[in-house]
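Counted from 1, the sequence shown has number 83 at position 86 by the numbering used here; the numbering is strictly sequential.
Worth double-checking, as some hints may not be accurate.
[To be verified] Derived pair list, reagent style DMTMM-like, types lysine to aspartate or glutamate, alpha-carbon separation capped at 25 Å:
| no. | residue 1 | residue 2 |
| --- | --- | --- |
| 1 | K10 | E77 |
| 2 | K44 | E77 |
| 3 | K44 | D123 |
| 4 | K143 | E129 |
| 5 | K7 | E40 |
[What the hints assert, rightly or not] Derived DEER-like restraints, expressed as beta-carbon distance ranges:
| no. | residue 1 | residue 2 | range |
| --- | --- | --- | --- |
| 6 | E50 | L156 | 52 to 60 Å |
| 7 | N142 | M98 | 21 to 29 Å |
| 8 | Q4 | L101 | 20 to 28 Å |
| 9 | Q3 | D91 | 32 to 40 Å |
| 10 | E50 | L101 | 49 to 57 Å |
| 11 | M15 | R103 | 24 to 32 Å |
| 12 | Q4 | T146 | 41 to 49 Å |
Don't read these hints as lab results, they were simulated from the structure. The beta carbon of each residue, even a glycine, is placed where N, CA and C say it ideally should be.
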Amino acid sequence: MDYTAQQFEKIFKESYPMMYRVAYSLVEDEEDAKDAVNQVFTEVWHKKPKISEGAEIGYLLTATKNQCLHTLQKIKHRNELRRGLTINEDKPEDAEHQELMQELHRAIEKSLTEQDWRVLSLHYYDDLTYEETAEVLGISSSAVNKHITHSLSKLRAILNPSK
């Protein structure tokens, strides 16, 4: 898609309402739908994919659907994590698990920088790739790798000092 800023703005204004309706019908959440559509436009602006003239709407709607499917996958993953972390205090193993989780949170607060935490959170909780994490934070993929490697080493050392 080779276009000027004015052409892009025109496509944005014409396509956004339809893309939003598709996104909302899939994710059923206003903010997630807006985020999905905005992500599609951000990628189109930066990557400038080759799209045949007249096929822009079809491309944008397909990209919106795919972005929504990715969003739904992240939501499902996040909900599974939350369910997995739900503690039932009636069971002894759950109390032990809760204690370990508290220890992990203390270790994170004590040893990781804000940037380390952001990188880990985006990669593990939001299920972003190294490249996606790098793009969100405005750093390189190798910097993401360094943050993750360094952070996990710090946490291992704190949580398992005998090794």
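Going down the list of hints, with the structure as the test:
A threshold of 25 Å between alpha carbons decides the hint, and for K10 with E77 the separation of about 37 Å lies outside it, so the pair is violated. Restraint check for K44 and E77: the C-alpha separation of about 32 Å exceeds 25 Å, so the hint is violated. Note on K44 and D123: the hinted pairing holds, with a Cα-Cα distance of about 22 Å set against a maximum of 25 Å. A threshold of 25 Å between alpha carbons decides the hint, and for K143 with E129 the separation of about 15 Å falls inside it, so the pair holds.
Restraint check for K7 and E40: the C-alpha separation of about 17 Å stays at or below 25 Å, so the hint holds. Under the hint 52 to 60 Å, the C-beta atoms of E50 and L156, about 57 Å apart, fit the expected range. For N142 and M98, the hinted distance range of 21 to 29 Å is satisfied, since their beta carbons lie about 26 Å from each other. At roughly 50 Å, the beta carbons of Q4 and L101 sit outside the given window of 20 to 28 Å.
Checked against the hint of 32 to 40 Å, the pair Q3 and D91 fails, with Cβ atoms roughly 59 Å apart. Look at E50 against L101: about 54 Å separates their beta carbons, and that is inside 49 to 57 Å. Checked against the hint of 24 to 32 Å, the pair M15 and R103 fails, with Cβ atoms roughly 48 Å apart. Our hint of 41 to 49 Å for Q4 and T146 holds, since their Cβ atoms are close to 43 Å apart.
The structure fails hints 1, 2, 8, 9 and 11 (numbered hints given earlier, in ascending order).
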